[in-house]
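Here the structure of chain X is known, so what remains is to put chain H in place on it, guided by the hints.
These protein sequences, in sequence, are chains X and H. For the first sequence, the numbering used here begins at 39 and goes up steadily by one. For the second sequence, the numbering used here begins at 34 and goes up steadily by one.
Simulated from the structure, these hints should not be mistaken for laboratory data. Just so we're clear, the structure is a prediction, and the values are computed from it rather than from any experiment. From the three backbone atoms N, C-alpha and C, an ideal C-beta is built for every residue, glycine too. Incorrect hints may have been included.
To be verified - List of simulated lysine-lysine pairs, DSSO-like, C-alpha gap at most 30 Å:
(1) H/Lys53 to H/Lys89
(2) H/Lys66 to X/Lys129
(3) H/Lys90 to X/Lys136
(4) X/Lys129 to X/Lys84
(5) H/Lys90 to H/Lys53
(6) H/Lys66 to H/Lys89
Said to hold, decoys possible - Among chain H residues calculated to face chain X with C-beta under 10 Å, some are:
(7) Tyr44
(8) Met62
(9) Ile75
(10) Gly76
(11) Thr79
(12) Ala83
(13) Asp85
(14) Gly91
(15) Glu95
(16) Ser98
(17) Arg107
(18) Glu117
What the hints assert, rightly or not - Not the full set, but computed from the structure, chain H residues with beta-carbon under 8 Å of chain X:
(19) Ser41
(20) Glu42
(21) Ser43
(22) Gly54
(23) His57
(24) Tyr59
(25) Val74
(26) Ser77
(27) Gly78
(28) Met80
(29) Tyr81
(30) Gly82
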Amino acid sequence: MAMEYRTSCRAYMVWNYRQEIEDLNRASEQGWQLVRGGCFHSRFVKNPDLRFRYQMDWRNVEDMGRYVETFREQGWEYINSTFNGWHYFRKFYDPALKEEDYEIVTDRESLLAMRRRWSRMLLALGAAVLVYTAVCGVRAVRTPNLPWLLQILLLLAVCVFLLRGGWLMRDPDAGPRGGRGLLRAYFLTLLLGWAAVLVLLHLRPHFVTNSQTEELTEPYVNERWMDFEVYYPDHYYLDLDLSADAPFTFSIVNDAGETVYTVTGTEIHEEHIRLWLGRRWYWFSSSCSGAFELNVRLD
Amino acid sequence: MKKSEPMSESYYYILLCLAKGANHGYGIMQMTKALSQGDVVIGSGTMYGATDNMMKKGWIREIRSDGPGLERRRLYQLTDEGREALRTEIARLRRMLDNAKEV
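Just chain H, with the same shape it has in the complex:
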């Protein structure tokens, strides 16, 4: 990804929700809602499309849960490339915010 290319809101929140560990689709959706205080909602279609694209980009990977009661549940995990993409996006957002403060 180019440094200047902005990430969509859904991509950003999905990566953010995975920053502290693997999570399943519904968990990401719930966490996104909580983090954004209800401002950002990720519907199922958006979720599938975004995770599909991010797996193709190599930002996230799919793993299977081995926790009790969660056998074979799909989880998404951030890759090193995904973590880097998230860092770049946060830096971009921070820069924009700093610019706004300067004005």
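Isolated chain X (complex conformation):
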């Protein structure tokens, strides 16, 4: 008879690992036995004839043989380990035993040491993300735009998440239970948020143009070139690099005929000219009577 398998994509945070153990035990009672445990997905096989109690241990194991043997001596069967140092074990369920008889970490010192290691890791990671957020924040203040501001909000949400987790792990008795719906909503928000950042970045007009002339057969008068569409109102940034023999006028005009930016000169070297552009079509317009070299970058 073919074995029946199922994969669970339920994610658990480190401070919720007791919840994962409880869920594994409950799944075993319902006939689903863990084949492979993981941080983001676990695999089960259907076997209603068996019933196990599960345990998870987190540590950096230097001698795997001795580690597995130590557990085997007490009847624990090693299942697998994850990339981030969690180890899954199971033992046949014995109704004569009490739940505390299935504990693998029986002293407070070990529990505290494990939680301290996680706490340090989460707090360090949270601090690193906070520093990166601050760097992004400086950039966003200098050149604010919607995708960057949204990204900073998302990074702050990650910081709060990591720092809160690190803080919770300091308390050996803390274990926020339930709230799985909230966790799912949080990850979904992050996922959608970063998808929105990517879409917004993709929709931004982003181009560089270079043009130069030796001499003009006839002067340019409001010569229209380089049409582009702005999909959402935001700050956009213009770099201009112009050298002309005669006064050169560079403008940006929208489809309502309004000039949103104009500048005249023979030597213009400007960076990060901030423009607020609404959702419209735009084009560049130039007036010139001599040779010129013009580089324009819009982002």
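Just chain H, lined up with the frame of chain X:
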């Protein structure tokens, strides 16, 4: 180890169980339960962590059993440093008990 630094219950019982000779992990766990009349239970995770730390401290060492039917089984053996650490801890506990009697 500093003289005043208390030893955890698990460390203490593991060393105590090894005082009369080498033993394997499960034997230590069973002996601890019997000695403490069920008050102290050493789970597998605690056992591995404690033995790992005590080997790093040089208090115990791992040896292989050569007894019949126990080939290649891991045993833990107390070192001189471990015996000294245990003596220090027993003296500390005795002192504390004496203090309690004086009050």
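Ascending list of hint numbers which this structure does not respect: 3, 14, 16, 18, 22
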